[in-house]
Every structure is written in structure tokens, then in C-alpha cells.
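Protein chains: 2
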Amino acid sequence: MRPAAARDRGLAWPAPWQPRGAGGMPLAVAWPAAASSAHPLADAAASAALRRRGDEIEAAFSAVAPALQSLAERQFEAGFAERAAAELRHRLDLEVPPAWFEARWNAPLDMPALHARCVLRTFARLVERGFDASHAASSDGEPVAALIQRWGFHAVDITPCADGRLAGVVDFILRVPAAVVAYRRSYAGAMFDVEEALAHWEAVELRRWREGRPNAASEPTRYLKVGVYHFSSVEPAHEGCAAHGSDTSRAAASLLERLQQFAAAVERTHCCGASVAILLVGVDTDTDAIRVHVPDAAGTMAVDRYVCSARLYAATQDLAREAAKEAIRQAVADCAGVAADDAATEGMRWFCGYLLKNNLAQVDAVRARYGGPYPERGHDEKLIVVGDPIDDVQLRNLAFQAQMDSVEEGAGDLAVGVRILGARHRELGVAVPVLVLQRYDARIPGARERAQARAARMAAAVRDRHAAAVAGGELWVEAALRADGGANLEFVATAAAQRRCGCGTESCG
Amino acid sequence: MRPAAARDRGLAWPAPWQPRGAGGMPLAVAWPAAASSAHPLADAAASAALRRRGDEIEAAFSAVAPALQSLAERQFEAGFAERAAAELRHRLDLEVPPAWFEARWNAPLDMPALHARCVLRTFARLVERGFDASHAASSDGEPVAALIQRWGFHAVDITPCADGRLAGVVDFILRVPAAVVAYRRSYAGAMFDVEEALAHWEAVELRRWREGRPNAASEPTRYLKVGVYHFSSVEPAHEGCAAHGSDTSRAAASLLERLQQFAAAVERTHCCGASVAILLVGVDTDTDAIRVHVPDAAGTMAVDRYVCSARLYAATQDLAREAAKEAIRQAVADCAGVAADDAATEGMRWFCGYLLKNNLAQVDAVRARYGGPYPERGHDEKLIVVGDPIDDVQLRNLAFQAQMDSVEEGAGDLAVGVRILGARHRELGVAVPVLVLQRYDARIPGARERAQARAARMAAAVRDRHAAAVAGGELWVEAALRADGGANLEFVATAAAQRRCGCGTESCG
Chain A
1 MRPAAARDRG LAWPAPWQPR GAGGMPLAVA WPAAASSAHP LADAAASAAL
51 RRRGDEIEAA FSAVAPALQS LAERQFEAGF AERAAAELRH RLDLEVPPAW
101 FEARWNAPLD MPALHARCVL RTFARLVERG FDASHAASSD GEPVAALIQR
151 WGFHAVDITP CADGRLAGVV DFILRVPAAV VAYRRSYAGA MFDVEEALAH
201 WEAVELRRWR EGRPNAASEP TRYLKVGVYH FSSVEPAHEG CAAHGSDTSR
251 AAASLLERLQ QFAAAVERTH CCGASVAILL VGVDTDTDAI RVHVPDAAGT
301 MAVDRYVCSA RLYAATQDLA REAAKEAIRQ AVADCAGVAA DDAATEGMRW
351 FCGYLLKNNL AQVDAVRARY GGPYPERGHD EKLIVVGDPI DDVQLRNLAF
401 QAQMDSVEEG AGDLAVGVRI LGARHRELGV AVPVLVLQRY DARIPGARER
451 AQARAARMAA AVRDRHAAAV AGGELWVEAA LRADGGANLE FVATAAAQRR
501 CGCGTESCG
Chain B
1 MRPAAARDRG LAWPAPWQPR GAGGMPLAVA WPAAASSAHP LADAAASAAL
51 RRRGDEIEAA FSAVAPALQS LAERQFEAGF AERAAAELRH RLDLEVPPAW
101 FEARWNAPLD MPALHARCVL RTFARLVERG FDASHAASSD GEPVAALIQR
151 WGFHAVDITP CADGRLAGVV DFILRVPAAV VAYRRSYAGA MFDVEEALAH
201 WEAVELRRWR EGRPNAASEP TRYLKVGVYH FSSVEPAHEG CAAHGSDTSR
251 AAASLLERLQ QFAAAVERTH CCGASVAILL VGVDTDTDAI RVHVPDAAGT
301 MAVDRYVCSA RLYAATQDLA REAAKEAIRQ AVADCAGVAA DDAATEGMRW
351 FCGYLLKNNL AQVDAVRARY GGPYPERGHD EKLIVVGDPI DDVQLRNLAF
401 QAQMDSVEEG AGDLAVGVRI LGARHRELGV AVPVLVLQRY DARIPGARER
451 AQARAARMAA AVRDRHAAAV AGGELWVEAA LRADGGANLE FVATAAAQRR
501 CGCGTESCG
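Sequences listed follow chains A and B, in order.
According to my numbering, the first sequence holds residues 1 to 509 in order.
According to my numbering, the second sequence holds residues 1 to 509 in order.
By construction, these hints were calculated from the structure, which means they are not laboratory data.
Incorrect hints may appear among the rest.
[Said to hold, decoys possible] In silico contact screen, one side only, chain A against chain B (beta carbon under 10 Å); selected entries:
id	residue
1	W151
2	G152
3	L206
4	R207
5	C272
6	D405
7	S406
8	R424
9	L428
10	G429
11	G446
12	M458
All residues carry an ideal CB built from backbone N, CA and C; glycine is no exception.
Construct the entire structure; sequences and hints are all you get.
Below is the structure:
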């Protein structure tokens, strides 16, 4: 099965989970010692831009606690509320009403809740900030959207795990331009709903037929659904995917099965040769390295057959740029078990190589910054986002995002997030901020009102489902709306069922 | 505005809610005295078939209580369980396990729950029974599906109120063949979700583009969404739509607005002249007469402009058949404010006339049977169906059906149903049967398992939402699956959280 070329080069499906540690977990991939010279496929400019962006995002959230701490001690002073609002404007760039800071001797400010509220508004401010995403818009000088289409895919749908360590999956890990991502919805364990995915495919296909967008339905391109699971190379048994019991094999196999079900759903419910492309990708959350499970000539993927970017990184770091790219191409072809010039598989192989090349730059960036894996292996998310997705601000450990239409169906995902963030936030003595986000199409009459009703309903359901945590001040839930097309977040009042902060303002719970 | 012809004939928009009763309610339309001679548009054969069917359905449900009553007294006799199961097979044609009837001296049978379980299985048996629906398949000898398409509509989507008095809306009141109804989903007050309706439209359009089903997208036909509200001509202030406070104007205006929002959603989110047809219809639940709000030349409808079939009935009962049909055509044209040969509106006018003609036969059937309005004006539903729709068994007051994807979003609709049926069932001393129905496409791998998970989740949510009623034995919740394409109902076990009946069988709660 395994071509000699791949064995010799040691790049493709490197007898992956052999030898295995306890519980069938793969042992850590040896991490090359930090080198002063960058990898030939490093992208210094893009990585520097992403690093600056990441630092700005981190700094914005880190500033919240000190700002509130300095205010807490003065809360009973005369004229405090106005001064506090002014200070927040100055220090955090947040516009909040002075009423948030009206403390009484028998009702001091609820600082854990205020922290959560400021975190949510900091997130909203960063969304408004509109980070430049041009670093990923082209690849070797060509516009990526056109490239991807030329290689056979008219839409890319990415389903990662809800885990916050994948919160930078589009911008940082895969470095795919957000504009080419038709859908990005996250679920605990990446366990998406097949029927919902089918509806997304139908919506995209109808646009192609009716409007020729993004290309005409007569073009022989396919819808590509990418499923992203994750694992920890450093602590595989503890820092893997919580939804799959930190079992990498299970995480990969479950997602692969779900992807295959989706492909079968399209083929069996639509005639005329309807078909989609699917791709399984694993992320090592310690290094941002990926495993790309390249489909073979029959389109089949396997859990234990993949190209690992960490190994590729080591194998190509001393090569010239073109030789490194050629090594990627060869590794992908070897993994697929086809010749490097096989026409039938070239589109998918190009895409796999594109992801791997992008990811090598990210692996290099992480390594350059930390001299090895991320120092923080575990969770450090700032907030939970439930409801509709939002991708304008991306960063590892930014948010635990679980997409759902109701808390009733997403209760399990939400519980994972609350458990994960709860532990960390309890230590810090602040409430876990939960943002219920509902998007709407402003062109549809009544859409905003219906979105508001959905947001209020889901916020109430989150509070109801986690009533004890809300009553204990450990969870702070707010709802926001967003018009499609990149508008700002609009916080909305929802029927209050959480601990009162006493501010009496509209947007308060 | 109002053509003289219409005024003279007194058929079209007959100054409809003038004079008004208290609260702006229309006064009752005078009901013609029962005549021995049938209406020229009566359909004796179809009406007789529908009457036989209705009688069979009523008889099946009515037999449950006496059968159980005769068993209750003997529950402690030796060998009772087997005999009881045999008796149910004989008397109700139900196959139930003897374990249902294992009573102990300190745990007698829960007869209110057993009644609910037998009602649910009677419903399932009637679904399996497969009633002949050929009475509506043709109109004046022509196949209706082809006719409707020829008149410009490739799909008919009907959204009635969840109220059980509309449970016969397709088969009895509108007499439309079920096969031409692409979607029928009910909501309290008929308040459907615009975004979901848009997705249904998209799914239908994609089939047309990809597969030419039911016709090619190049054909200039439209998707027709019919919204059905209801009112009571006899007790307008009490027996109207509960979701709209028994306010007919509000029920009609709210639904009209929703339909207009749907039409705008299609037009504004899809290019290339995408558009749909919408039609507002009101049902008088006392007589099954309808109000058809015929769109004018601009496609505009008004709450107070419609053709009323009760008036049409009176106006045409002494005419010959062809003259009566001509009177309908003229009434529709007058209501639309166009000439009877206006080409631009002829498709919609044909459809309105088709509904009115069908409905006259139903009005006649009700009148012939009861000599006037239904003797039971209020609610008398046998069960509540939530989740996915089921239309194989139709009959006035059969089921309160509220479609929803989660109880969280449909809680309001469910509450209306529980309140309505609760009052009646409490009087009778039996539990309200709630069926959580989930449909699935058996061609999609894993679809049945996901449907089962959804069914279990929703059944648990219904029990949770109405915990006191469940604990008090007033509500009995079961879940069933159904493969698309008319398969039988499959009752499934769900995590039990309801009062134990002690039977220990799989399908028990």
C-alpha cells in the first residue's frame, strides 16, 4: 500500500500512531529545536501581521481586569459613576453608560459581572475594528478565491470543533481567506448535523443555477466540506477533544463518518450525479500543526493515513523554497497513492498542498515565537459564543463557539463550554461571558424582530439551563444581533432572569 | 373601487365585517335553512366517501374509552393481562404487549395514561390504514396536479393554524390532493417562520433547476404559499383563533403581513426576478366555509376584500351547475377588480375559483349532515402532534398539530395545545396524548438515529416544560419516527421522565 518514495522520505502517513502511548494515543511528534533561520515556506510579513493582531486582541482583553480593579476601590466616592464611564472610555475604548457604575452602600458593584460585560463589549469592539485579512487573499501572487475555483471547488465549508483552541483555524492555522469560506459552523467534537449541512449545500447550488454565483452550475466544480478535529501532541490523553474524551482516534473516526454521511446524503437525495468533496483535517493544538487526510484515487480517506505538517516542517526546513513546495506535492501524492501528475486527483491534491503550505508558515510562526509548542496547552477562552457564527476576530483561545438554533438541541455543546470556561473563570473570580448571537438578513422584512425574539429565547434558555451558575454570579448571558454583511454587533435587552447588577440600563440582561 | 356588478350580485367582498359586533368582530353570516335538494356544485360521491372516512376515524377513537372501561373492572383477575391484550386486538385492532395490563393490588393500572397510549396507537393504525385520497385527484375529470401547474403554480405550500378544527383543511375544507401539497406545516395562529419558508422555497427551486421536477425552472410558474387563518361565525369572540385572542381581523392581518414578508424575502434575497405567489384564506370553523382574499391585478390582497363561500353558496344554490361555476368566476374577477378574461391574473383567479368550488361541496356536506353549522363549535381534538407534520389522516378536530424543531422555539404553540386539550381531557378524566413525530430520509446514512435522538430530546423537553401535568397524569408523551414516503409510524423509547405506568415495555415513555 505505502509507496517506497514516501517511506524513504518519511513524510506521508508516517506509521502515524505507532508507537502508541497509553489509551491508544499517539506519542508526541518530536519537535525540532528552535532555529534562528526561518523555514523556506515561512511567511514573515503575514506572520508578523497576525502576531500584531493577536497581541492587540490579547491586550484588549487583558486590560479589562486591571481597569475594573482600579475602579472597584473607589466605587463609593461621589461622582464615581461618571468618572468610571470616562475611565473605561479612556482605558478600554468602551462606551458604557454611567448607570453601570452606580454603587450603593448596601449594593456594591457586581465586579465579576461587570468584567463579563466589558469582555463582551471588548469582543464587539474588536469585531468593529475590522482586521485586515489581506494576508491570505492571495497565494504566490494569485487570488485564492479564483485559484480554489480553478482547482475544482466553488465553495468551502469548514466545520471545526467548538474548542477555543481552534478559534484561529481560518485566519491562523489554515490561513484561508474568510471570503472563500461559505460556511463555518462549529460544534463540540465537530459533530455537525448532516441534514443541516445538506440544506447549506442546496442553498449554494441554487445560487449557482439561478445566478451563476460563484460560478455557473454547468462548471464541473464541487462543494468542499472540511471537517476539523483536534488533538494534543504534548498531552494527548488530557488536552485533546473533550467531546471525544480526549481520544484522537475517536475524534477523527467520528468526524470522518459524519463527513461520509454528508457526501452520501447529497448523492442519494439528489439525482444527476450530485456529489461533494469532503476532507478530514486534524489540528495539534499545541503547535497548530495539521494532519491532512488526503483522499485516495477513489476519494476515500482513512483515519490513519495523512500528511503531517510537523513532519513536513522538519523534512523541508533545510530545502530551498521551490524544493520545499515540491516536497509537499510529493508527500500529498504519496499519501493519495497516485502519481504526482495524476489528473483525476489533482484538484484535491492541490488543495491539500495549499493547506499544508499555509500551515507550515503558521507552524513556523508559533515555533519562532515560543521556541516550541504553545506554553499554554489548555483552555484560556475569553467568552462563549452560541447561536450563529462570527469569524471577524480570530485567535487561538479567543472564544468557545458552538452553533445551534436552540439551547435545547445544543445543550450538550453549551455544557462543555460552560464546564471548560467555568473552571478557569472561577479561579479568576469573574463570570463566564456568554454571547447569544443571532444574525439576520436586513433585506427580509421582520427579520431583525425575529432574530431579536430568537436571541431573547435562547438567552433565556441558557440562563434556565445554567440557573445555578447564573444565580451564583458565575455566568453572565447577553444577546446581540448582527445584520449579514459584516455590520456591528447590536446588544439587545432580553427578559432578565440573571443576577441583577442594579444598573437598570436597556442592555443589561 | 368596487365594481357595480359585484355590488348587484352581492357575492364579492360583501362589505365583509360590516356591521361589526363587539370588538370589531364580524357578525355571523346568515346560514341558509337546510334544503333537501343539494347544491349544484355538491359532490355527492366525494362527500359520502369523506363522511364514511370521518365516521370510521371517529368510531376508532370513540371505541377506546368503552374498551378500557370494561377492562378496568377486571384488572385484578388472574390471567388478565393476556386477556386484555387480546380484547384490545379484537375491539380496537391494536397490538399491544400484555405487559401494559399487569396490575398489582398496590399499583392498579393507570387508565388515564392507557387511554392516551391507545389513542396514539389508534392514530398510528389509521395512518397505516391508508385512506383513499382519489376524490380530490381530479377536477372536472382533469388531474389536479397538471391543472394547477398549467394555471401557473409548480408547488403549493399550505400553512394553517395549529388549531384542530383545521385538521381537515387539505382533504375536507380545501379538497386539494395531498400529492400537490409540497409543504403543510401548522403553527399557532399560522405564524410561520419566514426564513424557514424561504429555505423550503429554495429546496423546491433547486429540484426544478437540477432535475426538472415538478417542472423545469425555465417554465414561468410560481411557488404558491397559502396561509389559512380561521374564525367562528357563530361565536366570533370566543371560538376564533386562540393565538390571536379570537380576533378575526388580527388573525387575518397578522398572517397577511407574514405572507407579504415571505414574498419580499424571496424577491430581495434572490435575483433574476425571483418571486412567489401568496394567498390568504380564512376558514369559518363552524361551517367550513372559506374566505378567499383574491389578489388584485397588482397581486395585492386586503384583509377586508374577499370572496366568501357561504355567501356564494346561498347565491348559487338555485342555479344550474355551469351557471354556478360562472358565478364563482365572476365573483373572483369582481373581487380582483379585473375583467373575467384578464390574462395577467387568470392563473390565480382559476386557483381561487378551484378552492371555492371545492369548498362549496364541503359547505354543502356539513349542511346536509347537520342541517346547519357543526353542533360542536369548540375544540375536541384527540391528540397533539408536535415536531414534523403528518397528513395521512385528516379530520376536523382530530389533532392539534404544531410544527417545531425544538420545544424551546415552539413552547408557545405547545402551551396553546396543552391548554386547549387539557381542559377537555381533564373533564373526561384521561391524559392528553402528545405525539412527538420526527421524519427522516431513509436514504441518508444515520438519519434514523439522528431522528431518534431529536425525538427523544423533544419528548424530554415536552415533559420538562409541562412537568406538573405529566406528574399529575394529565399529559402522556410518546415519540415516533417515520421514514419519508409514507412509511408506518415507529414508536420509540425515550428517556422516561413521566409517570410510570409500570408496564416496563420498550415503547413505554
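So, going through the hints one by one against the coordinates:
1. With a cut of 10 Å, the hint placing A:W151 at the interface with chain B is violated, because the nearest CB-to-CB distance is about 23 Å.
2. The criterion of a C-beta within 10 Å of any C-beta in chain B is not met by A:G152, whose closest approach is roughly 19 Å, and the hint is violated.
3. Given the 10 Å rule on beta carbons, the hint for A:L206 holds: about 5 Å separates it from the nearest Cβ of chain B.
4. Given hint, A:R207 at the interface with chain B, holds; its Cβ is 8 Å from that chain's nearest Cβ, closer than 10 Å.
5. Because the closest C-beta pair between A:C272 and chain B is about 6 Å apart, less than 10 Å, the hint holds.
6. A distance limit of 10 Å between C-beta atoms decides the matter here; for A:D405 the minimum to chain B is near 7 Å, and the interface restraint holds.
7. Because the smallest distance between the Cβ of A:S406 and any Cβ of chain B comes to about 4 Å, under 10 Å, the interface hint for this residue holds.
8. Interface restraint check: A:R424 against chain B, minimum CB-CB distance 28 Å, threshold 10 Å, status violated.
9. With 10 Å as the threshold, the beta carbon of A:L428 stays out of range of chain B, its nearest partner Cβ sitting at about 31 Å, so the hint is violated.
10. Because the closest C-beta pair between A:G429 and chain B is about 32 Å apart, greater than 10 Å, the hint is violated.
11. Against a cut-off of 10 Å between C-beta atoms, the interface hint on A:G446 holds, since the closest Cβ of chain B lies about 5 Å away.
12. For A:M458, the interface hint holds, the least distance from its beta-carbon to any beta-carbon of chain B being 8 Å, beneath 10 Å.
Violated hints for the displayed structure, listed by number in ascending order: 1, 2, 8, 9 and 10.
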